[in-house]
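> Residues 1 to 606 in UniProt numbering are what the sequence shown spells out, letter by letter.
Simulated from the structure, these hints should not be mistaken for lab results. Note that the structure is a prediction, hence the values are computed from the model and not measured. Beta carbons: idealized from backbone N, C-alpha and C, even for Gly. Keep in mind that the hints are not guaranteed to be accurate.
Result set (SDA-like, lysine to any residue): computed pairs, CA atoms no more than 20 angstroms apart in a straight line [what the hints assert, rightly or not]: (1) K324 to Y374; (2) K138 to I224; (3) K125 to D151; (4) K242 to D113; (5) K125 to F178; (6) K125 to Q171; (7) K377 to T366; (8) K393 to I375; (9) K15 to R524; (10) K175 to W122; (11) K138 to T225; (12) K376 to E392; (13) K485 to Q562; (14) K487 to L461; (15) K31 to K244; (16) K230 to G341; (17) K321 to S365; (18) K485 to G513; (19) K244 to H328; (20) K92 to H212; (21) K92 to Q57; (22) K258 to K242; (23) K244 to Q171.
Across the chosen pairs, the derived CB separations fall in these ranges [stated by the list, open to error]: (24) D55 to K576: 48 to 56 angstroms; (25) G260 to T47: 13 to 21 angstroms; (26) I546 to L595: 31 to 39 angstroms; (27) H43 to K576: 19 to 27 angstroms; (28) H43 to E408: 50 to 58 angstroms; (29) M77 to N110: 14 to 22 angstroms.
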Amino acid sequence: MSEQIPEETIDQIKKANDIVDIVGEYVSLKKQGRNYFGLCPFHGEKTPSFSVTQDKQIFHCFGCGKGGNVVTFLTEMEGYTFYQAIQYLAEKSGQVLPENLRQQTNQQYNEEDQAGLKAFDWLTKLYHHLLRHTKEGKQGYRYLLERGFSDETIDTFQLGYSPQSRDVIVQFLEKKGFHPQQMVKAGVLTANDQNQISDRFRGRVTFPIRNHLGRSVGFGGRTITDQEPKYLNSPESSLFQKGKLLYNFDVARSAIRKEGQAILFEGYMDVIAAHQAGILNGVATLGTSITEQQASLLKRYVDTVIICYDGDRAGIEASYKAAKLLRHVGCTVKIASIPDGLDPDSYIASYGAERFQHEIIEASSTYMTFLMRYIKKDFNLNLEGDRIQYIEKVIDEIAIISRPMEREHYGKELANEFDLSMDTILQEIRLRREKLGKRQDNAKTTSHTKSTESFKRKKSLLPAYHNAEKQLIAYMLHDSSIAEKVKIELGASFNVDTHKIIVTHLYAYYEEGYESDISHFIERIQDQFLKNQIVEIAMEPIHQDISNKEIQDYIRIIRYEQEDKTTIRLLRKEQKDAEFQKDFVKAAQIGMEILELQKKFKNASH
1 MSEQIPEETI DQIKKANDIV DIVGEYVSLK KQGRNYFGLC PFHGEKTPSF
51 SVTQDKQIFH CFGCGKGGNV VTFLTEMEGY TFYQAIQYLA EKSGQVLPEN
101 LRQQTNQQYN EEDQAGLKAF DWLTKLYHHL LRHTKEGKQG YRYLLERGFS
151 DETIDTFQLG YSPQSRDVIV QFLEKKGFHP QQMVKAGVLT ANDQNQISDR
201 FRGRVTFPIR NHLGRSVGFG GRTITDQEPK YLNSPESSLF QKGKLLYNFD
251 VARSAIRKEG QAILFEGYMD VIAAHQAGIL NGVATLGTSI TEQQASLLKR
301 YVDTVIICYD GDRAGIEASY KAAKLLRHVG CTVKIASIPD GLDPDSYIAS
351 YGAERFQHEI IEASSTYMTF LMRYIKKDFN LNLEGDRIQY IEKVIDEIAI
401 ISRPMEREHY GKELANEFDL SMDTILQEIR LRREKLGKRQ DNAKTTSHTK
451 STESFKRKKS LLPAYHNAEK QLIAYMLHDS SIAEKVKIEL GASFNVDTHK
501 IIVTHLYAYY EEGYESDISH FIERIQDQFL KNQIVEIAME PIHQDISNKE
551 IQDYIRIIRY EQEDKTTIRL LRKEQKDAEF QKDFVKAAQI GMEILELQKK
601 FKNASH
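Hey, can you work out the whole structure from these sequences and the hints?
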């Protein structure tokens, strides 16, 4: 399909969008040598095996094998077609595609979802206009001002108001060409038992909820009267899935990467109040407990998450559950403690932004400190039996900690609190670790090198000719003159079928006059498996100044395998014929000849 867009246009768009920047919007990348590494967004993992190469403009996962360029990444990540990915990149870099090409990008969503997105876009603007500029919205506007939100904040978050009238929103959407029943199905409007259609957010302040691309996919509504429930969300739909979305994630993403941590709140109001207080890396779940998908989304961007929930008992319980889940996906967790049963929004309103920043966020407890307090609430420490049970429970938790220094720190804290011998505490921790099958020496942080070493071990197990072919193709991808030399001497006579197909494509690519450009080359490959194989080979380390002798060595190893197979196949046929004729002396001589050839090949391939 890419041939319908001028190649120079595609190249311009790709060059204007560095793959490190695009992938970095989805994955927290850390530079290691020449490449960037992070957790693969395509399969679950706790140690980084996902690599991005800036000079080649490609990515590859050593775990699941996926690979490609910036366009491939978006098609895999977002389910875009090729055209949609190009359109997205064009918009991102401020370029405009011709109208006939833009029309081809509009098939990302089915017809119903497209209508829903457009309706949500219109309603976001309408609700905000009603709040800021009409009599109907004055009540909602006054409510937000009383909550301490400035005009700038209201505009930034496009907060709005839905009027009490049953018909205003329905009629507005009809005038824009949206059929009411279609809007009910899409979750934009609601219908009662009498099939009367209306806006579900009537009389509420509205909070647009956007997906990570910044498109409104639903709303949250907060009552400003006595309506029940206090908060109301759009219904679940293909566009609006609460368990996958985080409020404000599209805006907070860059701050999350910059700060190296995310702050997780319980609600919209907390996020908005924190943002107004200068804390820009806040997100919130949508009225439910955090899900594994949401936790994994955060882990892709940062290692550390600060949980900042309400200070009441329910908030503490919710913090405990969220902390467990975030730790399960590999996050370092801290918990902010808000006093007097306040929530973040009301704390900021009472004590101000500066105190919230310094006394709440910066003073967040480590997970273990929080857990010790959390466990303590279930025991009466004035009773000897409860004290012992509490100590044993905390020791169980300390024993799980991987870092010896942390174990000793919390062990000392426990020993001091209950006037116990440090040796006794450490011995108890050791015993529990032995029961868990964990040894101190094995509790080391694993880096991306584990994945790459595994990848290298897998590579070393391949036959010599297989590795030689991969290495030779890596040089051919890098240098068209090497490809030309191999073409003359070997053609497509590689031993591995996949390699034959790759070099055939590569020869055609260079024959059309293209220079070496791996990102551009793989754009022409339709088969995803083949594309992954090319990217994997392209990630092979190569020397910039490889000698002609080294190239010839690779060619010789590949040829030996071909000659070996052909010659040995013929000799084995002769051996069988000799055995059939009961000429066992000749059969034995041929057998020795076969062994000599195999030995000769083995020596040549090392």
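> Run every hint past the structure and note whether it holds.
For each hint, the structure was consulted:
Among the hinted pairs, K324 with Y374 is consistent with the structure: their alpha-carbon atoms are about 12 angstroms apart, no more than 20 angstroms. For the hint pairing K138 with I224, the CA-to-CA distance comes to about 12 angstroms; that is within 20 angstroms, so the pair holds. In summary, the hint linking K125 to D151 is supported, as the alpha carbons are separated by about 15 angstroms, within the 20 angstroms threshold. Distance check on the hinted pair: K242 and D113 sit about 16 angstroms apart at the alpha-carbon level, within 20 angstroms; holds.
Simply put, K125 and F178 have alpha-carbon atoms about 16 angstroms apart, close enough for the 20 angstroms limit, and the pair holds. Between K125 and Q171 the CA atoms are separated by roughly 15 angstroms; this keeps the pair inside 20 angstroms, and the hint holds. Between K377 and T366 the alpha-carbon distance is near 17 angstroms, which keeps this suggested pair within the 20 angstroms criterion. Under the criterion of a C-alpha separation no larger than 20 angstroms, the hint pairing K393 with I375 is consistent with the structure, at around 8 angstroms.
Of the supplied pair hints, the one linking K15 and R524 holds, its CA atoms being roughly 17 angstroms apart against a limit of 20 angstroms. Of the supplied pair hints, the one linking K175 and W122 holds, its CA atoms being roughly 11 angstroms apart against a limit of 20 angstroms. Only pairs whose Cα atoms come within 20 angstroms are accepted, and K138 paired with T225 is accepted, the gap being roughly 14 angstroms. Restraint check for K376 and E392: satisfied, since their Cα atoms lie roughly 12 angstroms apart, inside the 20 angstroms limit.
Straight-line distance between C-alpha atoms of K485 and Q562 comes to about 19 angstroms, which keeps the hinted pair within the 20 angstroms bound. With a C-alpha separation of about 27 angstroms, the suggested pairing of K487 with L461 is violated against the 20 angstroms cut-off. Between K31 and K244 the alpha-carbon distance is near 28 angstroms, which puts this suggested pair outside the 20 angstroms criterion. As the CA atoms of K230 and G341 are separated by approximately 19 angstroms, the hinted pair is consistent with the 20 angstroms bound.
Distance check on the hinted pair: K321 and S365 sit about 16 angstroms apart at the alpha-carbon level, within 20 angstroms; holds. Distance restraint check for K485 and G513: the Cα-Cα separation of roughly 16 angstroms lies within the 20 angstroms cut-off, and the hinted pair is therefore satisfied. As the CA atoms of K244 and H328 are separated by approximately 17 angstroms, the hinted pair is consistent with the 20 angstroms bound. Of the pairs offered as hints, the one joining K92 and H212 holds, with about 14 angstroms between alpha carbons and a cut-off of 20 angstroms not exceeded.
Taking the CA atoms of K92 and Q57, the gap is about 17 angstroms. The hint holds against a cut of 20 angstroms. Straight-line distance between C-alpha atoms of K258 and K242 comes to about 26 angstroms, which puts the hinted pair past the 20 angstroms bound. With a C-alpha separation of about 31 angstroms, the suggested pairing of K244 with Q171 is violated against the 20 angstroms cut-off. Against the hinted window of 48 to 56 angstroms, the Cβ-Cβ separation of D55 and K576 comes to about 54 angstroms, which satisfies the hint.
The hint said 13 to 21 angstroms for the Cβ distance between G260 and T47, and at roughly 18 angstroms that hint holds. Distance hint check: the CB atoms of I546 and L595 are about 34 angstroms apart, consistent with the given range 31 to 39 angstroms. Under the hint 19 to 27 angstroms, the C-beta atoms of H43 and K576, about 48 angstroms apart, miss the expected range. H43 and E408 have their C-beta atoms about 36 angstroms apart, which leaves the hinted 50 to 58 angstroms range violated.
The supplied range of 14 to 22 angstroms is met by M77 and N110, whose beta-carbon atoms lie about 19 angstroms from each other.
Checked against the numbered hints above, the structure breaks hints 14, 15, 22, 23, 27 and 28 and satisfies the rest.
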